[in-house]
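Enquirer: Same order as they appear, the protein sequences are chains A and B.
Residue numbering for the first sequence follows the numbering used here, beginning at 1 and increasing consecutively.
Residue numbering for the second sequence follows the numbering used here, beginning at 366 and increasing consecutively.
Keep in mind the hints are simulated off the structure, nothing from the lab.
You may find that some hints are simply not true.
Unchecked claim - DSS-like cross-link-like pairs, simulated, lysine-lysine; straight-line CA separation at most 27 Å:
{"hint": "1", "chain 1": "A", "residue 1": "K195", "chain 2": "B", "residue 2": "K420"}
{"hint": "2", "chain 1": "B", "residue 1": "K495", "chain 2": "B", "residue 2": "K506"}
{"hint": "3", "chain 1": "A", "residue 1": "K13", "chain 2": "B", "residue 2": "K520"}
{"hint": "4", "chain 1": "B", "residue 1": "K495", "chain 2": "A", "residue 2": "K197"}
{"hint": "5", "chain 1": "B", "residue 1": "K450", "chain 2": "A", "residue 2": "K212"}
{"hint": "6", "chain 1": "B", "residue 1": "K486", "chain 2": "A", "residue 2": "K13"}
{"hint": "7", "chain 1": "B", "residue 1": "K496", "chain 2": "B", "residue 2": "K374"}
{"hint": "8", "chain 1": "A", "residue 1": "K91", "chain 2": "A", "residue 2": "K45"}
{"hint": "9", "chain 1": "A", "residue 1": "K13", "chain 2": "A", "residue 2": "K145"}
{"hint": "10", "chain 1": "A", "residue 1": "K5", "chain 2": "B", "residue 2": "K520"}
{"hint": "11", "chain 1": "B", "residue 1": "K442", "chain 2": "B", "residue 2": "K374"}
{"hint": "12", "chain 1": "A", "residue 1": "K5", "chain 2": "B", "residue 2": "K442"}
{"hint": "13", "chain 1": "B", "residue 1": "K478", "chain 2": "A", "residue 2": "K5"}
{"hint": "14", "chain 1": "A", "residue 1": "K56", "chain 2": "A", "residue 2": "K145"}
{"hint": "15", "chain 1": "B", "residue 1": "K450", "chain 2": "A", "residue 2": "K197"}
{"hint": "16", "chain 1": "B", "residue 1": "K495", "chain 2": "A", "residue 2": "K13"}
{"hint": "17", "chain 1": "B", "residue 1": "K394", "chain 2": "B", "residue 2": "K496"}
{"hint": "18", "chain 1": "A", "residue 1": "K13", "chain 2": "B", "residue 2": "K506"}
{"hint": "19", "chain 1": "B", "residue 1": "K442", "chain 2": "A", "residue 2": "K13"}
{"hint": "20", "chain 1": "B", "residue 1": "K520", "chain 2": "B", "residue 2": "K371"}
{"hint": "21", "chain 1": "B", "residue 1": "K475", "chain 2": "B", "residue 2": "K450"}
{"hint": "22", "chain 1": "A", "residue 1": "K195", "chain 2": "A", "residue 2": "K5"}
{"hint": "23", "chain 1": "B", "residue 1": "K496", "chain 2": "A", "residue 2": "K197"}
{"hint": "24", "chain 1": "A", "residue 1": "K212", "chain 2": "B", "residue 2": "K420"}
{"hint": "25", "chain 1": "A", "residue 1": "K13", "chain 2": "B", "residue 2": "K450"}
{"hint": "26", "chain 1": "B", "residue 1": "K588", "chain 2": "B", "residue 2": "K420"}
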Amino acid sequence: MRILKFLLQKEFKQIFRNRSILTMILMMPVVQLLIMPLAADYEIKNIHIALVDLDKSPYAEDLQEAILASGYFISVGDFNSFEEANQAFEKGTADLILEIPAHFEKEIIDFKKTSLNISANAINGVKATVGSAYLNQVINRFAQKLQANISGGIQVESLNWYNPFLNYQAFMVPGILVLLVTMVGVYMTSLNIVKEKEVGTIEQINVSPIKKYHFILGKLIPFLIIGFFVFSLGLFGVARLVYGIVPIGSILALYSFLFLYLIAVLGIGMMLSTYAETQQQAMSLAFFIMMIFILMGGLFTAVESMPEWAQWVAALNPVTYFIEVVRLVVLKGSGFKDLLPQFGIIALMAIISNSWAILNYRKTT
Amino acid sequence: MEVVIKAEKLSKAFGDFIATNAISFEVYKGEIFGFLGANGAGKTTAIRMLCGLSKPSSGEATIAGFDIYRETESIKKNIGYMSQKFSLYEDLTVAENLRFYGGIYGLGRKELKEASEAVIKNLGLEQERKKLVSSLPLGWKQKLAFSVAIMHEPKLVFLDEPTGGVDPVTRRQFWDLIHQAAARGITVFVTTHYMDEAEYCDRISMMVDGEMKALDTPRNLKKQFGVDSMDAVFYEMARGAKRSD
């Protein structure tokens, strides 16, 4: 235990003396949580729409009003023909064209089928798809209202449970928090250990009577503490004060999971460090792993909508489970009982990554 | 005489390459044992095996009576090690390095304090104790690294090219430290490229292409080759070498 005390003292002195690491610990959660959720927002606003109204009837006007009142669309002007509107497309000023045909109102009143023409500029595929989908929704609602007026038809109302206003920040912030903690684990641990290799101090440690578990605990504990600090700063500092996100589930369950999760990712960081001889190699390896972790963890793309092979990759990704857990606890109010499967899997991952690191560390000495 | 290192046909192969080929020798307590050889002759490989950093391919050896296969943990308690790669923490102060290394060798609170003070006083580092090691000149770092390596009073210390890159005056001071340690009964096992340093050793071994080609006192080696300096002995021996870098 005394040896561990000396190792921890040394580690903390080095960490607190290194300004770049300190900046990373304090600034990364604050800055990333302030900037990323605002930018990484799936909600698309400000879709530029070119309106071609060939009918000029009250119904046509009602429809256009409904579209602009939805708040997602900005009119780039009224055009007299599709060809004219098309020029706005060519210039890149419009994302969508809506053409209301002549006799639109008359056909509705006569109970005939009528059609609207929507064209989307698919250079920005997301804007085109999401924009058309929004437009379809607005038009459907408009059509339902007309139908209800005429025949008292069915109205569909949908409610979003657990995140009633589909607040993207409530959805993104916990996920980004998970990525931050993961970065602390993978980058800091692997770089720290590889630095000792590069400088040669690890050799000095290896000829000393320090036991392997001493060395590993001496590296795990400081970064475990930093991980807890970063997560808490993000959750109780930024998420709460800036976004007003307050977890409604069990904080104890969340932190218990965080503990297992950190052990798992710190193990991954240590495992990477056994494969790298220089900090540059460690950085490249860690970057590669982080890219997969970030892109295939269900933060930016829902795991359910990935192809099957990608779902397998996501299933092996610890980030996937922590994002699930954070969202369940923060938004849905889940507790230990609901999270048993995730607890099981992350515990298994922690065992695997650390055993891998320890076995491989042995071989290299 | 008490035997501190006893090696018997110790070998290490990396694939087809035999880095160290069946070397046998003994080193006695309190002796300064020079381990010479050209670059790539297999010196570092041999030292790493003796320290328990790498497993031999074949052969036997004991360090301070402990077997290098089975009792590496006991060996580690009884040796000090200073490598050609400088091994103090540059981002810790002089005092912090002393505290850390003394601490991991299990020195008690009082011993640790006394040993640290002794090193600082002996090296004249009173003004520098709170300075980061990175701010010290290379020669001072090396003297400090050596003092740290023997802080726990080991039976034996391995020095792998300890004086690389420093001026002759500092090297001379470094050797004074080595003689002080040997006088206290610490056996010194040292590799070097400087032949003037070889003259300071009690006995010298010469490694050529992974084999130990000679082992004797500097005086006897010079006599044997009919030359008047260790430099000349080294040339005579190394001329036949096939490996070099």
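Enquirer: Could you tell me which of the numbered hints above are not met by this structure, giving the numbers in increasing order?
Expert: Hints 3, 7, 9, 17, 21, 26 are the ones this structure does not satisfy, whereas the remaining hints hold.
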